[in-house]
Structures are given as structure tokens and as C-alpha cells.
Amino acid sequence: MSRALLGFLIAPAIPGLLVLMVAVLRGGFGEGVWALTLILPISYLASAIVGLPLHLLLTHFKRQSMLAYTVTGVIASLAPIAIVIILPWIFSETSQRLASLKIVMVIMVVASGIVSTSFWLIARPDKPHLTE
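Per my numbering, the sequence shown runs over residues 30 to 161.
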């Protein structure tokens, strides 16, 4: 099995597992499992729709550093975030609702950076001899 495939299988689960770990440490196992079941499908879907094409694009252009992967992953997460900001603004959502959306957006950016960096650490696209 290639390291890139392992990266696509493991990396998207890491943010959800981190949330589960924090919840367990705070005594909220049930909330952690609930969050994990919410995060996993979103993370795997985003990795398939956005992460795979970005990986292929970065590989094609030989941009295979950890910084390139992390920055590209974070920038890619900004598009849906922009939609989440713009639509409520257009429809005049309350400031309290926008504040809660900002927290979700920060979490999305951090999670995207974690997934991108984790994928790079597993797949190591900068070392093609490891992928065999």
C-alpha cells in the first residue's frame, strides 16, 4: 500500500480523534463520540473532493514541502468559509450567530491545517523513494 493512500486513510480522521481525546479528558465521552461521528464524514469528503486534487496538483508542479501542503490545505478551507461568512451577511444574520460561525470557521481552518500536515507527514511526497 502506498504511503499516499495511507495518508488519505489516516489523516482525515486525526481532527476527529483529537476532539474525541479532548472530550474524554474532560469527562464527556458521549459528546466526543457525537463530534467524531459529525467530523469524520465531513473530513473524508473534503479530503476526497479537495485534498486529492490538491495533492495531484502539488505533485505535478513539484511543490512537495510540508509548508506547501499546509498552506494549500488552509487556503482551500477558506472558500467554504467565505461562503459561510458572505451568505449570513447578505441575509442579515444576528451578530451572535455570526460570532458562533467565526468559531466554526477557525476550527475548520485549524482542522484543515492538521489534516494537510498529517497527510504530508504520512505520505512524505518529498521523498518519492518512500512511496514504493
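In case anyone wonders, no lab produced these hints; they're calculated from the structure.
The beta carbon of each residue, even a glycine, is placed where N, CA and C say it ideally should be.
One or more hints might be untrue.
[Unchecked claim] When the alpha-carbon atoms are kept at most 25 angstroms apart in a straight line, the in silico SDA-like pairs for lysine to any residue are as follows:
1) 131 / 156
2) 156 / 104
3) 156 / 112
4) 131 / 85
5) 156 / 97
6) 91 / 142
7) 131 / 67
8) 131 / 87
9) 131 / 93
10) 156 / 39
11) 131 / 62
12) 91 / 104
13) 131 / 142
14) 131 / 99
15) 156 / 37
16) 156 / 95
17) 131 / 91
18) 131 / 48
[Claimed, not checked] Just the calculated beta-carbon pair ranges, DEER-fashion:
19) 132 / 69: 18 to 26 angstroms
20) 90 / 35: 16 to 24 angstroms
21) 54 / 100: 27 to 35 angstroms
Here is how each hint holds up against the structure:
no. : hint                         : in the structure
1   : 131 / 156                    : violated, 37 angstroms
2   : 156 / 104                    : holds, 24 angstroms
3   : 156 / 112                    : violated, 36 angstroms
4   : 131 / 85                     : violated, 30 angstroms
5   : 156 / 97                     : holds, 15 angstroms
6   : 91 / 142                     : holds, 20 angstroms
7   : 131 / 67                     : holds, 18 angstroms
8   : 131 / 87                     : violated, 29 angstroms
9   : 131 / 93                     : violated, 31 angstroms
10  : 156 / 39                     : holds, 19 angstroms
11  : 131 / 62                     : holds, 23 angstroms
12  : 91 / 104                     : holds, 18 angstroms
13  : 131 / 142                    : holds, 17 angstroms
14  : 131 / 99                     : holds, 21 angstroms
15  : 156 / 37                     : holds, 17 angstroms
16  : 156 / 95                     : holds, 12 angstroms
17  : 131 / 91                     : violated, 34 angstroms
18  : 131 / 48                     : holds, 18 angstroms
19  : 132 / 69: 18 to 26 angstroms : holds, 20 angstroms
20  : 90 / 35: 16 to 24 angstroms  : holds, 23 angstroms
21  : 54 / 100: 27 to 35 angstroms : holds, 30 angstroms
The structure is inconsistent with the numbered hints 1, 3, 4, 8, 9 and 17, although it conforms to all the rest.
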